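Student: Please construct the entire structure, taking both the sequences and the accompanying hints into account.
Each number in the numbering used here comes from the position in the sequence shown (counting from 1) with 885 added on.
These are computed hints drawn from the structure, not numbers from a lab. Note that the coordinates shown come from a computational prediction; the quantities given were computed from them, not determined experimentally. Careful, some of the hints might be misleading.
Claimed, not checked - Within a straight-line C-alpha distance of at most 25 angstroms, the following computed SDA-like cross-link-like pairs (lysine to any residue) qualify:
(1) Lys1100 - Thr991
(2) Lys1063 - Glu1021
(3) Lys1004 - Gly1102
(4) Lys1032 - Thr1017
(5) Lys1004 - Ala1112
(6) Lys1100 - Glu1015
(7) Lys1004 - Ser1070
(8) Lys1032 - Glu1002
(9) Lys1063 - Asn1053
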Amino acid sequence: MDTVNSTGNPFLDGIRLPEESNIPAPNNNQQLTQEDFFSLLTQQLSYQDPFKPVDNDQMISQMSSFSTVDGISKLNEEIQNLNGLTSSSQALQASSLVGRKVLIPTNVGHVTPAEPELKGVVSTPRPIDEITVRVEDENGQLVQTFKVDGRAGGNVEVAWDGLDKNGNPVAEGNYSIKASGLVGSESQDLAVSTYAHVTSVSLGNASTGAILNLKGGSGIKLTDVLAVSES
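Tutor: What follows is the structure, given as C-alpha cells:
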C-alpha cells in the first residue's frame, strides 16, 4: 500500500498516524501490567481524532475495569499465600499426631495381633440403664456382644478386647462396633465413634487440608478428628 506523505492540510499532517516502521513490535509477554495500560492509554489519547475525542465516561470505565481486575489479581495472590501458610500450619499440627490414636466419626476400627483392643465412644441422648454393644466383622457376622453402664449419659467409653465369643483372638482386619439401648420404652440405635492409630500425614490441598493416614489403609481430614487419645 502506498504511503501518503502529505494531505496538503498542515493541521491534518500534524496528527496523522505514524509510519508502520515506527510502530513498536508486539511484546511476547501477554500479561498487561498497570504501567502498560496507562502507556497505551496515553498513545490512544495522542492519536485520537480531535473532532471525535474519547468519551470521558468510556475512559473512566476502562480505567475502573483495569483497576478492578488488577485488584482481584492481587487479592487472589494474597489468598493463595494465606492458603499456603494454613496448609503448612495444619501439616505441622498433624505431624504431632503420628503414632497416636484419634477419635473419628465412624464405628469401624482396625485390629491387629499387636494391637487387638478396639476402643470407642457411644453417644447417648440421655442416661440409659444398660447399653448393648455388638462387634461384627467385615462380613457383618457377630463376633462378640457385651453390655456397658449408660446411666452417666452423654459420651460413654467402650472397649473390646479383640476376643470372639469363645475367647479366641480374632484375625487382623476391620471390625465395627454397634450399640443400642432403651430410650424411654423403645430400643434405639446409638451413634458410635472409634479410635484409630495415625501412621502418617499427607499434605492434601487447599480444600482438604492435611490428611491423617490411619492403620488399616483409611484416611481422614485433620478437621474431622473429634478427640486425641493420651495413650
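Student: For every hint, state whether the structure bears it out.
Tutor: Going down the list of hints, with the structure as the test:
no.: 1; hint: Lys1100 - Thr991; in the structure: holds, 14 angstroms
no.: 2; hint: Lys1063 - Glu1021; in the structure: holds, 8 angstroms
no.: 3; hint: Lys1004 - Gly1102; in the structure: holds, 18 angstroms
no.: 4; hint: Lys1032 - Thr1017; in the structure: holds, 5 angstroms
no.: 5; hint: Lys1004 - Ala1112; in the structure: holds, 13 angstroms
no.: 6; hint: Lys1100 - Glu1015; in the structure: violated, 31 angstroms
no.: 7; hint: Lys1004 - Ser1070; in the structure: violated, 28 angstroms
no.: 8; hint: Lys1032 - Glu1002; in the structure: holds, 16 angstroms
no.: 9; hint: Lys1063 - Asn1053; in the structure: holds, 20 angstroms
The structure is inconsistent with the numbered hints 6 and 7, although it conforms to all the rest.
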